[in-house]
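There are 4 protein chains.
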Amino acid sequence: MSKLLCDKDSGDAIIVKVGDTEIGSKKKVIISGPCAVEDYDTMISIATQLKLYGVNILRGGAFKPRTSPYDFQGLGKEGLEILKAVREEVNIPVSTEIMDTRDVEEALNYIDVIQIGSRNMYNYSLLKEVGKLKTPIILKRGISATINEWINAAEYILREGNENVILCERGIRTFETYTRNTLDLNAVAFVKTNYRLPIIVDPSHGTGLRELVHPMSLASIAAGADGLIIESHINPDLSISDANQTISINTLSDIINDIKRLN
Amino acid sequence: MSKLLCDKDSGDAIIVKVGDTEIGSKKKVIISGPCAVEDYDTMISIATQLKLYGVNILRGGAFKPRTSPYDFQGLGKEGLEILKAVREEVNIPVSTEIMDTRDVEEALNYIDVIQIGSRNMYNYSLLKEVGKLKTPIILKRGISATINEWINAAEYILREGNENVILCERGIRTFETYTRNTLDLNAVAFVKTNYRLPIIVDPSHGTGLRELVHPMSLASIAAGADGLIIESHINPDLSISDANQTISINTLSDIINDIKRLN
Amino acid sequence: MSKLLCDKDSGDAIIVKVGDTEIGSKKKVIISGPCAVEDYDTMISIATQLKLYGVNILRGGAFKPRTSPYDFQGLGKEGLEILKAVREEVNIPVSTEIMDTRDVEEALNYIDVIQIGSRNMYNYSLLKEVGKLKTPIILKRGISATINEWINAAEYILREGNENVILCERGIRTFETYTRNTLDLNAVAFVKTNYRLPIIVDPSHGTGLRELVHPMSLASIAAGADGLIIESHINPDLSISDANQTISINTLSDIINDIKRLN
Amino acid sequence: MSKLLCDKDSGDAIIVKVGDTEIGSKKKVIISGPCAVEDYDTMISIATQLKLYGVNILRGGAFKPRTSPYDFQGLGKEGLEILKAVREEVNIPVSTEIMDTRDVEEALNYIDVIQIGSRNMYNYSLLKEVGKLKTPIILKRGISATINEWINAAEYILREGNENVILCERGIRTFETYTRNTLDLNAVAFVKTNYRLPIIVDPSHGTGLRELVHPMSLASIAAGADGLIIESHINPDLSISDANQTISINTLSDIINDIKRLN
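Chains as they are written, first to last, in the UniProt record's numbering: chain Z, 1 to 263; chain S, 1 to 263; chain X, 1 to 263; chain W, 1 to 263.
Keep in mind the hints are simulated off the structure, nothing from the lab. By construction, the Cβ of each residue, glycine as well, lies at the ideal position given by its N, Cα and C atoms. Treat the hints loosely; a few may be bogus.
[Stated by the list, open to error] Here are some, though not all, of the chain W residues that point toward chain Z, as calculated from beta-carbon distances under 7 Å:
| no. | residue |
| --- | --- |
| 1 | 176 |
| 2 | 184 |
| 3 | 212 |
| 4 | 241 |
[Unchecked claim] Subject to a maximum C-alpha distance of 30 Å in a straight line, what follows is the list of computed DSS-like cross-link-like pairs (lysine-lysine):
| no. | chain 1 | residue 1 | chain 2 | residue 2 |
| --- | --- | --- | --- | --- |
| 5 | X | 77 | W | 27 |
| 6 | Z | 28 | W | 128 |
| 7 | S | 128 | S | 260 |
| 8 | S | 17 | Z | 134 |
With the rest of the complex left out, here is chain Z (with noise of 0.2 Å):
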């Protein structure tokens, strides 16, 4: 393998700052929301919440990509607004995923984060469009990527010229089937070991069971991870999508505390 970018002695360690908050730093960091943007005010009363108790960035999905057709795809522009104006009230900022090239100049009027998904992570006309941006990267792994694969395809932001790249450990496909997915956590070891980008883990994809969430997001910090990805919602249940998955305020709030005493 040649010399990349993202390797540990191409330079200092990447740390990616968005409004106050810096993801690489010693502070751990955690973005949470709902899966889908649904309405303002549910919105609302979420961010409230979340940034009452400590939660850094907002996220949730306006654009969904989903394995059928017929799923709810995402409110698109309507929840890019949703998200700018809940931005604006709750003084917080927000994150979402991106999916179409032509989609990501427009996006800058809106959010502070992009996301690229699992889905595009091998999506190059993507990493090198967003490569182009000083914006914040969150670049989820693959489903079945490999470690090398990964780092490849941040390398492909990087090269474009931005390093504002945190990697995002969200599980990966095994014959495990308890599971959503198995959370590869040795990967999150392996890359602070190896790699100068901050990187998170998200616990929700990661398991897909809302009771591991908590002790799942323990191990991640344990394991080195600079913060946390986790959906929550005010009333879990009715979430649009990822119910399963999602936790609600409270446990949310206990899992920060946790951290708190774990740092």
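Dock chains S, X and W against the given chain Z, drawing on the hints supplied.
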């Protein structure tokens, strides 16, 4: 699961026409050519021989999705122009991979069949875009896509109005490392039993080993595949990419003859 | 890797003899019978028909390895006695799985071929024990064994002095859930290219779906397999175990006829 | 699924006692030692230091299951004798792997805890045999065993009357090759949530990389594990086997201290 347009009982078996060639009909279809479009002279030379031996469609990559951003990414627009010139000179339909929604419209001026590669099977924006065409689409299975996800990816295209979808099994990612991928011929038999789309097999990527291409081509046809897409070159060892899995045109000719005997 | 007795250039291709049947020679071998030995009458009835249609060896489980300790574990010793009685009555060689080193010696009084099941491929004590015999051994691939591990498991047997080893590909464990396992026919072609052992395929466990057994049997032979081991029953729906993947004797007869055409 | 003895609501949480050590109780348990028993002097030296640093149980392989029959297979009986001598000299309980039903009875004279290795998790004859004892059993997860299969393997032991079962997560086989296995800590959290057996983690085999053992040990405990089994050596680079994943006793001491802080 809800009823899909892809389901066997949603209509007649789909037969995709490319010039005089029918895919999904009795006669087995052979698509072949080099991994990447290299230069006009090589391409003309390959195409002329392939046509002579009965190959139905010429393949060659103009845009190459590569794990590393530092590897050869294909000739791009120039590759499309070579394909078009060869198509006219040799009188053979041509196929190439398109990876970006913004390239779809222009590609129609150059090629007869659009390939959606394994890395973009979950790129729903791209699937919807090619769903608006009538151009035949080869939809490769994602590297660890379930049959369910793959069929739903096809459904994204059909739902937009384009029924000309050809599935392509190209091997899945497993723990086995002696072969590049594990060719899943169960999936071929399963698709033929349950869905109305034609399906072809790519034994080149499916094995990654030149010496396995011949037996696995025969196995694919015996499992029920409607055709094959095989990487070949007049001088396999000189292929710019995928040399290990590229066969000579003589070997391809042997495969074509053996398949005629199977039918 | 060091040189193995299994390597192609360590000696002539191994042909295993069971009565008049040669495995690894030109003629394709068919082994069939019910998943479990149920009772004498059913077994006689199945064996008689199988022999009539050209089946070479009768299979039937006396000791059944089951995921749950509460599931039917086979008839044990009584099952061996039924197999022996049927062998003598119908004049057909019989094969069954042995799972315990302490059962090996006694089993020799009852059966002609010992199967080592997928769950015991790494049971090196058992491999060494059957290596001391001259009895033919069917060595199934472990559910997620690499080809390298599998060949080395065979090497454990050869090294003790027993060359009569028949490899059996029976599907590997992957993320795909529509089929019970993923039949890895690449492995068949790879083994035939690199090693001197005969190899057969089990399309029953390899697919888990009755309707896929026929096409995947043909695909196995086309990939180069020396034979097949197929679960069949006079009344598949009444099989004590594995009913979903058990075919009727009529379907088996169709498969046998189609394979003769392939040869 | 039917009701299991392993289910949480089938009885109190099981606490396994080995001398003064309780596994499954509040205090985290550390089992450590070299991959293979090498010689008496080395073993005494390692054991003395491990005891000093707070290790609860000494491990060391007498019978080594190896992929190749030509690799070192362990000292066998001599290894058991060394373990017994060290146990008496240093006054520390010892654990080793047993692979053959015929070795179970004799092993009881030498060791305190029997390990069932990953390769023998499906060896139901062996499970039933150790189920007849009262000796504590460490049951490693099969290399690609589902949680369901693993729990049922434990059930084979409990059903025979031996409740002293300690599950051990040691990494599963996936497509990732940068790490030897993928440590599945989801499984730890899942087991603690749903079953009443204690569970420990083996970060040595679970990562295969010495530098990942420390962070993954902490992650394991944070996920809820009751203890760890770690390969250590006074001179890791001189280990007869598994040198890449063996840590020094100093590193082990650091891990033990960090775990006390977590508790």
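Item to complete: Given the hint that residue 77 of chain X pairs with residue 27 of chain W, test it: the Cα-Cα distance must not exceed 30 Å.
Response: Distance ~47 Å between residue 77 of chain X and residue 27 of chain W Cα, so the pair is violated.
Worksheet item: Should the hint that residue 176 of chain W touches chain Z count as held when the rule is a Cβ pair under 7 Å?
Response: This hint holds: residue 176 of chain W lies near chain Z, its Cβ roughly 6 Å from the closest one there, short of 7 Å.
Discussion item. Less than 7 Å between beta-carbons is the criterion; does residue 241 of chain W satisfy it with respect to chain Z?
Written reply: Interface hint status for residue 241 of chain W: violated (21 Å vs cutoff 7 Å).
Discussion item. Just to be careful, I want the Cα atoms of residue 28 of chain Z and residue 128 of chain W compared with a cutoff of 30 Å; is the pair within it?
Written reply: Status violated; Cα separation ~48 Å.
Item to complete: For the pair we were handed, residue 128 of chain S and residue 260 of chain S, check the Cα-Cα distance against 30 Å.
Response: violated (37 Å)
Worksheet entry | Minimum beta-carbon distance criterion (7 Å), residue 184 of chain W to chain Z | holds (5 Å)
Worksheet entry | Hinted contact residue 212 of chain W with chain Z - closest CB pair below 7 Å | Cβ of residue 212 of chain W sits 5 Å from chain Z, so the hint holds.
Worksheet item: Can the restraint linking residue 17 of chain S and residue 134 of chain Z be considered satisfied, given a maximum Cα separation of 30 Å?
Response: violated (46 Å)
Checked against the numbered hints above, the structure violates hints 4, 5, 6, 7, 8; every other hint is satisfied.
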